[in-house]
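*Asks:* Take a look at the letters that make up each chain.
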Amino acid sequence: MKPSSDWNKDLGIKFTMQDPCQIVRKSFGDPIAEDLRYALKAVVGEENFIDMQPNKSNNYCCGGGGGFLQSGMKEHRLTYGKIKDDQIQATGAPYVVAGCHNCHAQIHELSEHYGGHYKVIHFWTILALSLGVLGPNEREYLGDDLKEVDVFHPESAL
Amino acid sequence: MAEAAIKLGGKKKSIFMDKVKEILPQGNLSLCLTCGLCSSGCPATGLESMDPRKFLRMVALGMDDEILASDWPWCCTMCQRCVRVCPMQIDIPQLIFNIRKARPREDRPKGIRDSCDAAMKTETLSAMGTSVEDFIFVVEDVLEEYQESQPEFADMQAPIDKKGAEFFLNQNSREPVTEPDEMVPLWKILHLAGADWTYGSKAWTGENYCLFIADTDNWEKITRAQAAMTTELGCKTYLNTE
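From first to last, the protein sequence lines stand for chains X and W.
Residue numbering for the first sequence follows numbering that gives the first Met the number 0, beginning at 0 and increasing consecutively.
Residue numbering for the second sequence follows numbering that gives the first Met the number 0, beginning at 0 and increasing consecutively.
Read the hints as simulated data drawn from the structure, not as lab findings.
Each hint should be verified, as a subset may be incorrect.
Think about it this way: if two alpha-carbon atoms lie no more than 25 Å apart in a straight line, the pair counts; the simulated DSS-like pairs of lysine-lysine are [to be verified]:
no., chain 1, residue 1, chain 2, residue 2
1, X, 73, W, 100
2, X, 40, X, 13
3, X, 25, X, 81
4, W, 120, W, 201
5, X, 81, X, 1
6, W, 120, X, 25
7, X, 25, X, 55
8, X, 73, W, 109
9, W, 20, X, 25
10, X, 73, W, 20
11, W, 220, W, 100
12, W, 109, W, 220
13, W, 53, X, 25
14, X, 25, W, 220
15, X, 55, X, 146
16, W, 53, X, 81
17, W, 235, X, 25
18, W, 53, W, 20
Just so it is clear, the structure is predicted and the values come from calculations on it, not from any experiment.
Model the full assembly from the supplied sequences, consistent with the hints where possible.
*Replies:* Put into structure tokens, the structure is as follows:
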């Protein structure tokens with residue numbers, strides 16, 4: 000199973016990556032952050048990855064963790080996430096890969112709230128796309144620029 | 000205009016600080032140098048007119064009533080960035096967790112509490128209340144659909160309760176409940192990688208809101224049930240999905 004970044008050679012779509020606190024700072028540290036980057040670069044192309052600053056174990060929490068999403072404190076949560084939104088917008092990348100459901104939901108909301116209009120995706124989506132097996136109905140979080148790229152069995156679209 | 004000075008009682012009250020000394024390895028909050036690194040790197044600084052340094056000082060000064068009345072512990076995500084930069088390695092997130100726990104359960108945020116309660120009502124432990132039957136139905140239904148519409152994956156499996164599988168894969172409730180097609184790319188990747196994996200019909204949930212609501216008994220119940228299901232199936236690795 001060898002993923003390829005050829006699909007993105009001409010497109011040149013940029014990606015950044017959220018380092019989920021629970022996975023990186025709180026559990027496995029910088030080595031897993033390096034692994035995540037290795038995998039993402041293999042899939043989107045080295046030149047199409049832009050890191051947030053700061054990152055890895057020094058990354059900022061997005062504000063989706065610790066139950067914040069369910070606490071009913073929406074205004075506070077969005078204020079908390081302003082740093083994360085600034086970090087993402089500074090990269091200029093239209094896609095954020097978030098390997099955590101809480102991060103995914105929070106960053107998605109930050110994008111809408113602050114008007115950054117970047118997309119948040121699961122790593123499995125972009126890996127399956129790079130393997131050429133991502134079908135038309137598995138693109139919930141992709142933007143229009145990637146809805147039609149290398150579609151596996153386009154005739155199965157619902 | 001300066002605010003009126005806060006008067007500290009001359010007599011020692013029942014102080015949370017003493018409890019902290021028992022529960023935290025670095026429990027002596029007087030170690031705090033008040034350098035403020037924690038606050039300058041904390042996204043929750045300023046919310047509820049609070050920040051980590053101020054919060055720590057209030058605990059150290061025995062201002063228990065004010066601490067317990069504050070909603071700030073629910074704005075802290077316990078992300079541990081403050082511990083990382085603290086010269087004295089004071090575990091503020093652990094302190095936050097214990098202060099969450101010190102509040103009566105009915106006074107803790109309803110949204111998190113409801114998610115914990117929903118999980119405890121079903122064997123799946125799903126915070127969205129998904130039943131064993133519904134989960135099995137969705138997984139089988141989606142799998143069948145893809146085996147037919149994408150023939151290259153006619154042999155793909157999404158096993159439930161497969162004994163002796165290498166990996167026990169957990170699943171966040173959101174996919175099976177609201178966006179089942181999102182489960183498929185991961186199944187495909189596991190299939191192409193030749194991974195031997197299984198879901199459990201019970202305790203498959205990836206989320207644990209009882210942890211966030213600081214309900215330690217139910218937090219432990221969920222974690223033990225997940226471990227028990229993995230052991231029962233003889234799986235070697237508990238795999239946490241994204």
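*Asks:* Does each hint hold? Answer for all of them.
*Replies:* Results of checking the hints against the structure:
1. X:73 with W:100: Answer holds: residue 73 of chain X to residue 100 of chain W is near 22 Å, not above 25 Å.
2. X:40 with X:13: Cα-Cα ~10 Å, so holds.
3. X:25 with X:81: holds (22 Å)
4. W:120 with W:201: Cα-Cα ~12 Å, so holds.
5. X:81 with X:1: violated (37 Å)
6. W:120 with X:25: violated (30 Å)
7. X:25 with X:55: holds (11 Å)
8. X:73 with W:109: holds (13 Å)
9. W:20 with X:25: holds (23 Å)
10. X:73 with W:20: violated (33 Å)
11. W:220 with W:100: holds (17 Å)
12. W:109 with W:220: Roughly 20 Å between the alpha carbons, so the hint for residue 109 of chain W and residue 220 of chain W holds.
13. W:53 with X:25: holds (24 Å)
14. X:25 with W:220: holds (22 Å)
15. X:55 with X:146: violated (30 Å)
16. W:53 with X:81: holds (22 Å)
17. W:235 with X:25: Holds, at about 23 Å.
18. W:53 with W:20: holds (19 Å)
Comparing the model with each earlier hint shows violations of hints 5, 6, 10 and 15; every other hint is respected.
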